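Quick mapping for you: the protein sequence lines, in order, are chains A and B. Numbered according to numbering that gives the first Met the number 0, the first sequence spans residues 0 to 270. Numbered according to numbering that gives the first Met the number 0, the second sequence spans residues 0 to 86.
Simulated from the structure, these hints should not be mistaken for lab results. The structure displayed is predicted, hence computed values, not measured ones. Hints are not guaranteed to be accurate.
[Unchecked claim] Think about it this way: if two alpha-carbon atoms lie no more than 30 Å apart in a straight line, the pair counts; the simulated DSS-like pairs of lysine-lysine are: (1) A/Lys10 / B/Lys76; (2) A/Lys185 / B/Lys76; (3) A/Lys259 / B/Lys18; (4) A/Lys10 / A/Lys264; (5) A/Lys162 / B/Lys51; (6) A/Lys10 / A/Lys250; (7) A/Lys259 / B/Lys43; (8) A/Lys250 / B/Lys43; (9) A/Lys10 / A/Lys103.
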Amino acid sequence: MSRIVVVTSGKGGVGKTTTSASFSAGLALRGHKTVVIDFDVGLRNLDLIMGCERRVVYDFVNVIQGDATLNQALIRDKQLDNLYILPASQTRDKDALTREGVEKVLEDLAAMDFEYIVCDSPAGIETGAIMAAYFADDALVVTNPEVSSVRDSDRILGILSAKSRRAERGEQPVQEHLLLTRYNPKRVSEGEMLSLRDIEDILRIRLIGVIPESESVLQASNQGIPAIHLKDSDVAQAYADVVARYLGEEKPLRFVDYEKPGLFKRLFGSK
Amino acid sequence: MSFFDFFRGQKKASASIAKDRLQLILINERSGRNGPDFLADLQKELIAVISKYVHINPEDITVNLERQDALEVLEVKIEMPQQAEAR
Numbered sequence: 000m001s002r003i004v005v006v007t008s009g010k011g012g013v014g015k016t017t018t019s020a021s022f023s024a025g026l027a028l029r030g031h032k033t034v035v036i037d038f039d040v041g042l043r044n045l046d047l048i049m050g051c052e053r054r055v056v057y058d059f060v061n062v063i064q065g066d067a068t069l070n071q072a073l074i075r076d077k078q079l080d081n082l083y084i085l086p087a088s089q090t091r092d093k094d095a096l097t098r099e100g101v102e103k104v105l106e107d108l109a110a111m112d113f114e115y116i117v118c119d120s121p122a123g124i125e126t127g128a129i130m131a132a133y134f135a136d137d138a139l140v141v142t143n144p145e146v147s148s149v150r151d152s153d154r155i156l157g158i159l160s161a162k163s164r165r166a167e168r169g170e171q172p173v174q175e176h177l178l179l180t181r182y183n184p185k186r187v188s189e190g191e192m193l194s195l196r197d198i199e200d201i202l203r204i205r206l207i208g209v210i211p212e213s214e215s216v217l218q219a220s221n222q223g224i225p226a227i228h229l230k231d232s233d234v235a236q237a238y239a240d241v242v243a244r245y246l247g248e249e250k251p252l253r254f255v256d257y258e259k260p261g262l263f264k265r266l267f268g269s270k
Numbered sequence: 000m001s002f003f004d005f006f007r008g009q010k011k012a013s014a015s016i017a018k019d020r021l022q023l024i025l026i027n028e029r030s031g032r033n034g035p036d037f038l039a040d041l042q043k044e045l046i047a048v049i050s051k052y053v054h055i056n057p058e059d060i061t062v063n064l065e066r067q068d069a070l071e072v073l074e075v076k077i078e079m080p081q082q083a084e085a086r
């Protein structure tokens with residue numbers, strides 16, 4: 000049985016694609032056969048973040064419309080041989096994602112023994128986002144510590160609990176996990192940024208991890224390498240923790256407290 | 000906080016303002032979300048019907064659905080103008 004995980008947020012630019020790339024790579028690193036699907040039809044970007052943009056021949060919509068087989072469209076990751084990418088189409092309109100078409104692709108992927116199917120949702124609450132969320136078993140709700148992102152996440156949580164397949168069938172609800180990204184402990188300590196406790200209080204879902212704001216995310220996307228591969232960075236370690244928690248391990252939160260720089264660092268340190 | 004900020008005094012932390020604002024707006028939005036979709040249409044049609052007989056402003060009609068345990072109460076409030084004139 001495969002597990003379908005949607006990475007969603009409502010708001011754009013909060014780190015959905017960064018998270019989809021690192022989360023799926025993290026599952027593959029842990030030995031799970033994983034596929035990550037870009038649902039952002041028209042604005043494909045997962046391929047760039049995963050560094051496979053030049054190997055895209057066929058895409059998700061080609062498969063749905065029967066112009067290509069899944070095997071032709073799936074791209075094997077350049078670093079992990081149990082990770083595959085299904086890119087979004089760039090040209091067609093988003094109505095190409097029909098519920099029946101998406102369902103068929105997900106069933107076929109499950110039949111190919113994928114353990115995890117990660118769905119990278121587009122921003123907004125249009126067709127692409129609804130389709131990415133509809134079949135989900137689990138959801139990573141990516142949220143920035145900022146008012147509009149928190150509000151949009153709440154909106155998405157409402158959609159997951161009312162309009163997902165699990166909700167329609169009256170099954171166990173979608174497992175919702177809060178993932179805070181671009182978290183800046185220094186600004187939180189100064190009372191300038193919503194804290195993780197504040198956001199947990201407001202959204203009332205389980206926190207699965209906190210990704211600190213970091214320069215490594217840009218470095219990773221510049222090179223087309225999921226951030227989880229930048230071994231010594233705090234972002235990579237934070238994503239590895241998220242994957243471990245998702246797989247049921249207990250991991251204390253890291254990179255959430257601000258340490259005042261010592262005298263030496265203040266005198267000689269740069270940042 | 001720098002040396003000089005210490006003398007300027009503490010301003011109210013903006014994060015707590017953000018939290019208060021979010022909690023307020025989300026209470027509102029969540030209650031609207033769980034309600035049925037027909038409320039807005041019902042309100043529109045009520046305005047149309049009542050406007051046939053009485054001059055009222057659209058804001059004078061409010062439609063609310065409240066839930067009290069197992070009971071749902073549909074509340075329709077129509078504020079009539081002071082001297083309601085029949086057409």
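Status of each hint after checking the structure:
1. A/Lys10 / B/Lys76: Violated - the C-alpha atoms of B/Lys76 and A/Lys10 are around 36 Å apart, more than 30 Å.
2. A/Lys185 / B/Lys76: Violated, because 50 Å separates the two Cα atoms, which is more than 30 Å.
3. A/Lys259 / B/Lys18: 25 Å, holds
4. A/Lys10 / A/Lys264: It is violated: about 37 Å lies between the C-alpha atoms, which goes past 30 Å.
5. A/Lys162 / B/Lys51: 38 Å, violated
6. A/Lys10 / A/Lys250: Holds, at about 28 Å.
7. A/Lys259 / B/Lys43: 58 Å, violated
8. A/Lys250 / B/Lys43: The hint is violated at about 53 Å.
9. A/Lys10 / A/Lys103: 28 Å, holds
Hint check: violations occur at hints 1, 2, 4, 5, 7 and 8; the rest are consistent with the structure.
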